[in-house]
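Residue strings, one per chain:
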Amino acid sequence: MSDMPQAGPVPQDTQTLTTDEKATASPPPAGGRKKAARSASLWSDAWYDLRRRPMFIFSLILIAILLVMSFWPSLFTSINPFDARTCELSTARQGPSSGHPFGRDSLGCDVFARTIYGAKNSIIIGVTTTVITALVGGLLGLIAGARGGLTDTITSRVTEVFFAIPSILGALLITATFRDASLGIWLVVIALSILAWPMTFRIMRAAVLTARGQDFVLAARALGASQARVMFKHLLPNAVAPVIVVATINLGGFIAAEAALSFLGVGVQSPDISWGLMIADARNRFLEAPLPLVFPAVFLSVTVLAFIMLGDAVRDALDPKLR
Amino acid sequence: MSKTSLDELPAEGGRGNGPLLDVDNLHVEFATRAGVVRAVNGVSYSLNPGETVAVLGESGSGKSVTAQAIMGILDVPPARIPQGEVRFHGTDLLKLSEEARTQVRGQRIAMIFQDALSALNPVFTVGWQISEMFRVHRGMSKRDGMKKAVELMDKVRIPAAKQRVNDYPHQFSGGMRQRIMIAMAIALDPEVLIADEPTTALDVTVQAQIMELLAELQRESNMGMILITHDLGVVADVADKIAVMYAGRIVENASVHDIYKAPAHPYTKGLLESIPRVDLKGHELYAIKGLPPNLLDMPTGCAFHPRCPYRQDDCVTDAPPLYEIGGTRNSACHYWREVLDGDQG
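One line per chain: the protein sequences are A and B, in this order.
Counting in numbering that gives the first Met the number 0, the first sequence runs from 0 upward without gaps.
Counting in numbering that gives the first Met the number 0, the second sequence runs from 0 upward without gaps.
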């Protein structure tokens with residue numbers, strides 16, 4: 000609504016007005032009660048709206064904590080899980096004790112420290128794969144949907160080829176083939192991205208096709224908007240919401256897929272740590288010692304939840320009707 | 000290359016000889032799975048500065064397609080323009096490059112649509128959308144564009160324009176939305192405004208206000224207006240000339256006065272007789288019998304013959320040309336004399 004506080008000071012201009020008057024030859028302002036209007040744009044309005052959403056603030060705090068955990072894990076635990084001396088085989092699968100709040104895993108290592116240190120790989124894989132698939136799939140979907148015709152046919156057929164590849168098998172193939180390239184976790188990111196972008200492509204393309212059939216696209220063209228302008232200013236903002244939602248939901252899926260690959264021995268490799276690897280390791284002894292599986296799984300769920308909440312809040316903020 | 004062809008157009012405000020906009024023998028067809036649909040078959044009309052031409056016809060008669068062909072916003076394919084010219088200041092727009100046409104659209108020829116809610120982008124504020132015209136075409140800053148947007152909203156009489164400039168389309172009523180659409184269309188002082196059923200989606204009192212606003216803006220700027228409508232009531236007050244379309248053809252071309260006084264085509268006559276009238280309350284309302292023809296399977300001869308009360312044998316075999324009646328009138332009916340005299344064939 001228009002009762003928002005008037006944002007931003009009023010720098011420059013009042014001189015520029017003369018040139019503009021000449022250019023447009025429009026009539027003098029009626030009333031002469033002109034003051035600078037708050038410049039509202041899609042993104043500034045969305046940002047204004049987001050800052051007041053508890054869900055957005057909450058998810059942002061969670062994500063901030065997770066990021067700090069990823070890059071400065073020693074702030075959270077004094078135990079370095081990469082140091083083999085911290086593990087004691089004799090205490091394997093022990094329950095929580097003083098100094099070891101999550102207990103110990105099957106090699107007698109501290110589960111809490113491993114969970115904290117595992118955040119980095121899991122979050123990097125989840126977030127970068129999500130960003131890559133959203134950008135690549137989204138951009139191609141936008142172009143295919145907006146241009147239609149041959150461009151659409153070719154890109155759509157190409158994505159169908161990728162769809163036909165069974166995802167775990169495909170990822171297995173890619174990671175196994177290039178395992179000597181010493182790409183580390185980036186190999187997992189690349190493999191997952193290659194297999195997952197067609198999903199985003201399809202969603203973006205469908206959303207763009209829906210938007211393209213609407214009158215405002217015709218109206219924008221009738222009033223002289225160029226093809227690029229129609230694509231990025233009129234189609235994209237109206238089609239981006241479902242992509243954001245699916246991307247944030249996929250984020251959890253990518254972390255889980257990394258776990259599956261690690262379990263198969265082609266993802267993150269021991270002695271490196273990731274939540275997926277921890278879950279995979281703890282599976283066999285789950286009934287005897289559930290905690291080594293439960294803790295990384297809870298961290299994984301909270302991470303996914305935080306990103307889904309973030310995506311949801313952003314999606315809502317981008318739709319003026321929901322404000 | 001494109002620049003040169005665009006520069007052939009006289010500068011804004013400069014009026015060349017001849018009509019401002021001259022649609023000449025325009026054909027538009029659509030390739031569909033079922034075959035080629037000839038939506039527009041040789042439509043011609045011309046528009047002078049300050050003049051309003053009403054294009055009248057039922058749904059599917061090709062009036063909107065003609066307008067979209069003039070604007071160059073038809074999707075090609077499936078649409079195709081096999082022949083015809085759209086001369087703007089004497090330059091054929093259909094021969095211009097896409098780049099040059101984009102320059103014409105919005106700045107020289109603008110268009111407003113039937114349903115202003117769907118014609119406005121739902122995710123941007125109305126101020127953003129109006130000021131976009133100035134930012135894109137005039138290179139204005141955001142702030143100056145917003146100032147212009149408020150001025151224009153005042154001009155189209157949106158109350159409290161300054162407070163509402165940051166509202167979204169869905170926060171406005173139907174009439175206000177159409178005013179915003181009009182503000183966008185007139186933002187750059189176009190010479191031609193095409194209004195595609197601008198009042199169809201509005202209720203009657205608002206219709207009158209919008210037509211009044213359009214007429215007033217037209218008087219101020221001397222722009223030519225093509226008013227596409229199926230509402231004869233709207234036409235009478237504002238139009239100078241009327242082109243009646245049926246099945247992709249113009250069947251009658253005349254001044255408003257002549258048409259209302261005595262139509263020269265049975266279809267026009269049928270349309271006029273289908274207007275409900277207070278003095279005939281209680282009588283059955285006249286309706287043209289039958290349905291508009293299937294454009295994939297046009298009747299032979301005159302396209303209107305299956306529905307025509309004046310039909311003779313030659314109507315089935317010979318398509319009537321556009322006969323000249325007097326100096327400025329045309330009718331595509333072999334028996335226009337009988338229609339004028341009112342003898343039911």
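Treat the hints as calculated values from the structure; they're not laboratory data.
The model shown is predicted, which means the values in this text are computed figures rather than measured ones.
In this text, a Cβ means the ideal position worked out from N, Cα and C, and glycines have one as well.
Fair warning: there could be bad hints in the mix.
[Unchecked claim] Footprint (simulated), chain B over chain A, 3 or more residues, beta carbon under 8 Å:
(1) 88-98
(2) 115-121
(3) 218-232
[As the list claims (entries may be wrong)] Beta-carbon label-pair distances, calculated as ranges:
(4) B/Ser58 to A/Phe57: 37 to 43 Å
(5) B/Asn293 to A/Val160: 48 to 54 Å
(6) B/Arg79 to A/Gln226: 48 to 54 Å
(7) B/Asn293 to A/Ile167: 50 to 56 Å
(8) A/Leu138 to B/Val75: 20 to 26 Å
[To be verified] Away from chain B, derived, C-beta distances all over 10 Å, residues of chain A:
(9) Ile142
(10) Phe177
(11) Pro236
(12) Leu263
Each hint tested on the structure:
no.: 1; hint: 88-98; verdict: violated (count 0)
no.: 2; hint: 115-121; verdict: violated (count 0)
no.: 3; hint: 218-232; verdict: holds (count 10)
no.: 4; hint: B/Ser58 to A/Phe57: 37 to 43 Å; verdict: violated, 52 Å
no.: 5; hint: B/Asn293 to A/Val160: 48 to 54 Å; verdict: violated, 41 Å
no.: 6; hint: B/Arg79 to A/Gln226: 48 to 54 Å; verdict: violated, 20 Å
no.: 7; hint: B/Asn293 to A/Ile167: 50 to 56 Å; verdict: holds, 54 Å
no.: 8; hint: A/Leu138 to B/Val75: 20 to 26 Å; verdict: holds, 25 Å
no.: 9; hint: Ile142; verdict: holds, 16 Å
no.: 10; hint: Phe177; verdict: holds, 42 Å
no.: 11; hint: Pro236; verdict: violated, 5 Å
no.: 12; hint: Leu263; verdict: holds, 44 Å
Checked against the numbered hints above, the structure violates hints 1, 2, 4, 5, 6, 11; every other hint is satisfied.
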